[in-house]
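Required output: the full structure, derived from the provided sequences and hints.
Chains as they are written, first to last, in the working numbering: chain A, 386 to 544; chain B, 386 to 544.
Calculated from the structure, these hints are not laboratory results. Certain hints may be false.
Copies of one chain are not kept apart here, so a pair can be met inside one copy or by any two copies together.
[Said to hold, decoys possible] Result set (DSBU-like, lysine-lysine): computed pairs, CA atoms no more than 35 Å apart in a straight line: (1) Lys497 / Lys525; (2) Lys525 / Lys486; (3) Lys525 / Lys393; (4) Lys469 / Lys525; (5) Lys469 / Lys431.
Computed from a predicted structure; not experimentally measured.
Number of protein chains: 2
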Amino acid sequence: MKFFEDIKLGDVVTNGRHTFAADEIKAFAHRFDPQRFHVDEAEAEKSHFGALCASGWHTAAVWMRLMVDQRRDEAEAALARGEKVPALGPALGLRDLKWLKPVYVGDTIDYKSEVIELRTSGSRPNRGLMTILSSGVNQKGETVISFISTTFVERRETS
Amino acid sequence: MKFFEDIKLGDVVTNGRHTFAADEIKAFAHRFDPQRFHVDEAEAEKSHFGALCASGWHTAAVWMRLMVDQRRDEAEAALARGEKVPALGPALGLRDLKWLKPVYVGDTIDYKSEVIELRTSGSRPNRGLMTILSSGVNQKGETVISFISTTFVERRETS
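Here is the structure:
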């Protein structure tokens, strides 16, 4: 991650990709979203989805994992170069979460985040507010999930 | 669940409650949100949260599970009474998801959903659109999570 001053509108970060296997789709759904089209292939075929597909919460949670890994890798690389690592967070929530297409068994989702708004924080002068539009795109080029979130990012210099 | 015609603005459904244990907080976070304050008590004490707390995605996913269970129980009870069960879904997404307070080990969260908007669907005359404000409140009465979602609900009669 960059310090707030080094981030530009339109910056895109690729978070990584993930291929959804049947076992993990069912394991997540058994715990958190046990609807028939997320836990049973035969039942899913009879549903409006037509085949086993991942819970929307699963698709979102995988983004979180990839994002955490990517930021950790970046932070470790910066520390190895002797650079400072900006503090990030907390995230306050998100808006406009859309599940646009089902994620089926074997689908590979590429996740990325684009910076769509930057503003300074009145309450925290040592932080800026970064708003990103995150999305996941499958191997056919279809966007399956998107949402907008805002988080605090440390400023290099506070005036 | 009720048919669309039987739902009223202001209707509140209690989805259930859940007490968050350290083991499940860490298990979810190891898989989806391995930040130090979600996976390690000692590290969490040094963080701005001050103690181990659940990933926001975990808090949201538990709502989903309770909601699915509650709707399944209602559907089974209706079928046992010989009543029809309305079709529900799909959910298209959600908006204004807010993580307002941390969920710490041992916190018990009560989840409920309130109907805040009802409208007919132009594209699907056999369905109505129900918008609900869902929230989770801890044992101190503090709202820890809230979000708004819209889903299709089957109509009893289509004109």
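Evaluated hints:
Taking the shortest Cα distances, Lys497 and Lys525 sit within 35 Å of each other inside one copy (16 Å), while across copies they are farther apart (38 Å). In this homomeric assembly, Lys525 and Lys486 come within 35 Å of each other (Cα to Cα) only inside a single copy, at 11 Å, whereas the closest approach across copies is 39 Å. Only within a single protomer do Lys525 and Lys393 lie at most 35 Å apart by alpha-carbon distance; the minimum there is 29 Å, versus 41 Å between protomers. When the C-alpha separation of Lys469 and Lys525 is checked against a cutoff of 35 Å, the pair qualifies neither within a copy, at 39 Å, nor between copies, at 39 Å.
Within a single copy, Lys469 and Lys431 get their C-alpha atoms only as close as 54 Å, which misses the 35 Å cut-off; across copies the closest is 19 Å, which meets it.
Checked against the numbered hints given earlier, the structure breaks only hint 4 and satisfies all the rest.
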